[in-house]
Amino acid sequence: MINRQLVNPNSIVIVGGSNDKSKVGGALIKNLTEHNFKGTIYTVNPKEAKVQGFPCFKTVADMPIVEMAIICIAAAYVKATVEELAKNKNCKAFIILSAGFSEMGAEGHKFQDEILEIINQNDGSLIGPNCIGVLTQHYAGIFAGPIPKLDPKGCDFVCASGATAAWIVEKGMLMGLSFSSMFTVGNSAQVGVEDVIQYWDETFDPQTSSKIKLFYIESVSQPKKLLKHAASLIRKGCKIAAIKSGSSEAGSRAVTSHTGALASPDRAVDALFRKAGIVRCHGKEDLVTTAAIFCLPELKGKRIAIITQAGGPGVMLTDALEEGGLQVPNLEGPDAEELLTKLFPGSSVTNPIDFMATGTPEHVAHAIDAVNNQFDNVDGMAVIFGSTGLTDITEALDVISEKTQASKKPIYTILPSVVTAKKEADSFHELGNVSFSDEVLFARALAAVTKTPKPAEQVELPVIDKTAVRSIIDGCEAGYLTPEKVQALLDAAGIDRAGEAVVTSKEDAVKQALGLGFPVVMKVVGPVHKSDVGGVVLNITDAETVENEFERMVKIADTTAILIQPMLSGTELFVGTNYEEKFGHMVLCGLGGVFVEILKDTAAELSPVSENQAAEMIKSLKSYKIIQGTRGQDGVDEQRFAETVTRLSALCEAAPEIKELDLNPLLGSMNRVVAVDSRIRIEK
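Mapped onto my numbering, the consecutive letters of the sequence shown carry residue numbers 1 to 684.
Quick caveat, the hints were computed from the structure, so don't treat them as lab data. Among the hints, a few may not be true.
Computed beta-carbon distance windows for the label pairs [said to hold, decoys possible]: (1) Leu174 - Arg631: 48 to 56 Å; (2) Gly499 - Ala557: 37 to 45 Å; (3) Lys423 - Ala61: 51 to 59 Å; (4) Asp62 - Asn120: 23 to 31 Å.
Straight-line C-alpha distance at most 25 Å; calculated SDA-like pairs for lysine to any residue [said to hold, decoys possible]: (5) Lys403 - Gly494; (6) Lys485 - Arg672; (7) Lys23 - Ala166; (8) Lys555 - Arg679; (9) Lys50 - Tyr77; (10) Lys619 - Ala406; (11) Lys300 - Asn377; (12) Lys30 - Lys58; (13) Lys300 - Arg280; (14) Lys225 - Lys171; (15) Lys171 - Asn377; (16) Lys228 - Ser245; (17) Lys23 - Lys110; (18) Lys110 - Asn122; (19) Lys228 - Ala74; (20) Lys30 - Gly145; (21) Lys408 - Thr560; (22) Lys211 - Ala406; (23) Lys506 - Val554; (24) Lys211 - Asn122; (25) Lys302 - Gly333; (26) Lys38 - His138; (27) Lys211 - Asp426; (28) Lys284 - Cys295.
The beta-carbon is built from N, C-alpha and C at its ideal position, and this holds for glycine as well.
Turn these sequences into a full structure, and let the hints steer you where they fit.
This is the structure in structure tokens:
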């Protein structure tokens with residue numbers, strides 16, 4: 001939990017305080033004093049009488065009551081220190097910087113748990129162990145630098161890695177970002193990233209709280225909490241960007257379905273972030289670039305004008321914007337011709353607006369004003385202004401700053417000269433502006449921001465026969481369900497399926513084939529990948545072939561029966577679900593048949609999935625034009641396809657025991673989407 005004493009303590013003790021400011025305990029006191037902590041500071045160090053002018057006690061037992069402790073001593077001494085502070089000094093907040101706990105293995109984890117139990121029994125708050133501290137509007141309780149400009153409207157930031165936090169802050173400062181708070185949670189013994197996000201949500205004040213939230217997380221241990229509070233913050237007007245590292249999978253996963261093979265914990269994170277409305281980033285530069293975009297007014301559209309003094313960056317930015325799904329529209333007509341007359345000869349205004357390296361601050365102003373007031377086919381603008389080091393560009397940046405504050409459309413300022421124009425850029429940031437140093441990184445971040453959906457609203461799933469679903473599931477053993485059980489579950493969920501029969505004799509095979517009507521399909525029951533073992537035969541048109549194929553197929557290893565279905569036609573589609581521990585069911589869709597394995601072109605969302613979300617999943621596929629119909633081929637009824645996705649989601653919500661489910665293929669036409677082959681595996 002996060003309490004008042006952790007955020008705004010009246011008194012702090014540094015256990016392990018030092019006169020040497022190059023040591024952790026010395027840097028902490030230096031940071032507290034230089035950043036205006038208003039409360040009382042104590043230190044504990046058996047070798048000192050005073051530390052940096054503050055009272056120093058030999059042991060924590062010797063000191064008075066204190067609200068918060070920052071502990072930076074050897075791990076072996078931490079437990080006794082915490083016990084004394086919690087039980088005898090009424091200390092309610094602890095930041096343990098010391099390492100040597102759960103990150104060291106089972107023994108260290110046990111030691112950490114014992115310390116946590118003491119703090120929990122005293123209704124205390126714990127950050128760490130193994131972190132660099134906490135930064136709030138009231139105190140700088142961190143030992144690593146740099147310490148950023150503190151602004152209540154700056155970024156709130158929580159980070160699972162202390163060193164990463166320091167480097168992200170440093171990157172952000174170079175772009176003009178300010179910060180409101182920073183929590184580094186280390187081992188997250190009590191307070192993890194999700195808990196800090198919950199705290200931000202539950203204490204959010206629309207008038208005083210920061211509306212930009214950033215986080216770095218290595219393991220999503222509480223996805224439902226993260227989803228709930230991140231989505232809530234965004235609905236309140238916040239913007240959130242995050243890095244989730246550890247996206248590659250070490251080791252192999254035992255999966256036997258197409259869905260299981262295509263699903264992964266990292267895809268679940270992607271789906272979780274989309275559902276919450278979080279912009280996912282993949283590196284430090286990416287995160288701070290996104291945060292800087294958040295500092296500017298929201299882009300209301302996708303059309304960008306580029307104002308540049310150099311052709312190369314303008315071209316690279318154009319390419320990156322277009323690649324990300326944004327547009328760089330052509331500027332032409334009388335307004336463009338009028339703007340051209342205000343620039344030096346040789347300039348271009350078609351977009352990019354290139355006013356050349358010799359362009360003046362006045363030229364920048366003319367270009368910005370024209371984009372703001374005369375070009376209705378533009379929603380925002382990127383201004384690239386660099387320096388060769390021969391001239392001072394302060395005047396130009398002052399113009400851009402003034403225009404940015406008054407602009408009707410967002411202005412994204414790109415300052416590529418991070419060395420030669422550092423002084424001018426620092427002055428630009430002091431005026432309250434942010435900037436970007438790389439046009440391509442900026443374009444990719446802007447594209448990610450525009451593509452991130454708003455938080456998903458309450459999902460209304462289609463009505464299914466939950467009583468029948470539960471009856472079937474409760475009566476089954478763990479493992480793959482029989483075809484009869486699968487058929488019954490699909491019927492209960494209202495998912496259209498092909499007529500079929502499961503047979504174990506040649507005579508019955510002929511009888512059922514005649515009843516279903518030729519042509520038919522025959523498939524083995526038992527083997528997981530039927531096609532690989534010769535267990536699928538299509539377009540059978542007579543009883544003799546049924547008999548011959550039955551005799552051949554029943555001899556295939558692991559075959560327990562033969563499935564017979566009418567031969568249907570249509571576009572092969574795929575819908576499936578895989579259960580991810582802690583996240584719940586992930587629902588996937590795409591083209592079916594062999595295309596699932598070859599193209600791996602699927603969209604994924606966490607259940608529950610609404611019909612609108614399902615429709616967006618379908619439209620996001622690279623193969624969407626095939627689903628729409630192309631080159632004289634009929635398309636697929638997208639509404640029925642989306643409904644199948646939502647009904648599958650409803651089935652999983654009613655039966656969490658389902659761990660893997662494949663509908664592959666579904667056959668889609670203009671008037672029907674029907675399941676042809678289905679497999680379901682449950683665990684209990």
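Against the structure, the hints:
Between leucine 174 and arginine 631 the C-beta distance comes to about 51 Å, which sits within the given range of 48 to 56 Å. Taken as a hint, the range 37 to 45 Å is violated for the pair glycine 499 and alanine 557, whose Cβ atoms sit roughly 28 Å apart. Against the hinted window of 51 to 59 Å, the Cβ-Cβ separation of lysine 423 and alanine 61 comes to about 53 Å, which satisfies the hint. Distance hint check: the CB atoms of aspartate 62 and asparagine 120 are about 26 Å apart, consistent with the given range 23 to 31 Å.
The straight-line distance between the Cα atoms of lysine 403 and glycine 494 is roughly 58 Å, outside the 25 Å bound, and the hint therefore fails. Simply put, lysine 485 and arginine 672 have alpha-carbon atoms about 23 Å apart, close enough for the 25 Å limit, and the pair holds. For the proposed pair lysine 23 and alanine 166, the alpha carbon gap of about 17 Å is at most 25 Å, so the pair holds. For the suggested pair lysine 555 and arginine 679, the alpha carbons sit about 21 Å apart, so the restraint of at most 25 Å is met.
Straight-line distance between C-alpha atoms of lysine 50 and tyrosine 77 comes to about 21 Å, which keeps the hinted pair within the 25 Å bound. Annotation: proposed proximity of lysine 619 to alanine 406 is violated, straight-line Cα distance about 38 Å (limit 25 Å). Among the hinted pairs, lysine 300 with asparagine 377 is consistent with the structure: their alpha-carbon atoms are about 12 Å apart, no more than 25 Å. The suggested pairing of lysine 30 with lysine 58 holds, with an alpha-carbon distance near 20 Å, which does not exceed 25 Å.
For the hint pairing lysine 300 with arginine 280, the CA-to-CA distance comes to about 20 Å; that is within 25 Å, so the pair holds. Proximity of lysine 225 to lysine 171 is assessed by CA-CA distance (about 29 Å); at most 25 Å being required, the pair is judged violated. The hinted pair formed by lysine 171 and asparagine 377 fails the criterion: a straight-line CA distance of about 34 Å is larger than 25 Å. With a C-alpha separation of about 21 Å, the suggested pairing of lysine 228 with serine 245 holds against the 25 Å cut-off.
For the hint pairing lysine 23 with lysine 110, the CA-to-CA distance comes to about 28 Å; that exceeds 25 Å, so the pair is violated. For a cut-off of 25 Å, the pair hint linking lysine 110 to asparagine 122 stands: about 19 Å separates their Cα positions. Distance hint between lysine 228 and alanine 74 is unfulfilled; the C-alpha atoms sit about 38 Å from each other, more than 25 Å. Among the hinted pairs, lysine 30 with glycine 145 is consistent with the structure: their alpha-carbon atoms are about 11 Å apart, no more than 25 Å.
Distance hint between lysine 408 and threonine 560 is unfulfilled; the C-alpha atoms sit about 70 Å from each other, more than 25 Å. Distance check on the hinted pair: lysine 211 and alanine 406 sit about 21 Å apart at the alpha-carbon level, within 25 Å; holds. Restraint check for lysine 506 and valine 554: satisfied, since their Cα atoms lie roughly 10 Å apart, inside the 25 Å limit. Proximity of lysine 211 to asparagine 122 is assessed by CA-CA distance (about 33 Å); at most 25 Å being required, the pair is judged violated.
For the suggested pair lysine 302 and glycine 333, the alpha carbons sit about 21 Å apart, so the restraint of at most 25 Å is met. A hinted pair counts as satisfied when its Cα atoms are at most 25 Å apart, and lysine 38 with histidine 138 qualifies at roughly 8 Å. Taking the CA atoms of lysine 211 and aspartate 426, the gap is about 24 Å. The hint holds against a cut of 25 Å. Straight-line distance between C-alpha atoms of lysine 284 and cysteine 295 comes to about 17 Å, which keeps the hinted pair within the 25 Å bound.
Comparing the model with each earlier hint shows violations of hints 2, 5, 10, 14, 15, 17, 19, 21, 24; every other hint is respected.
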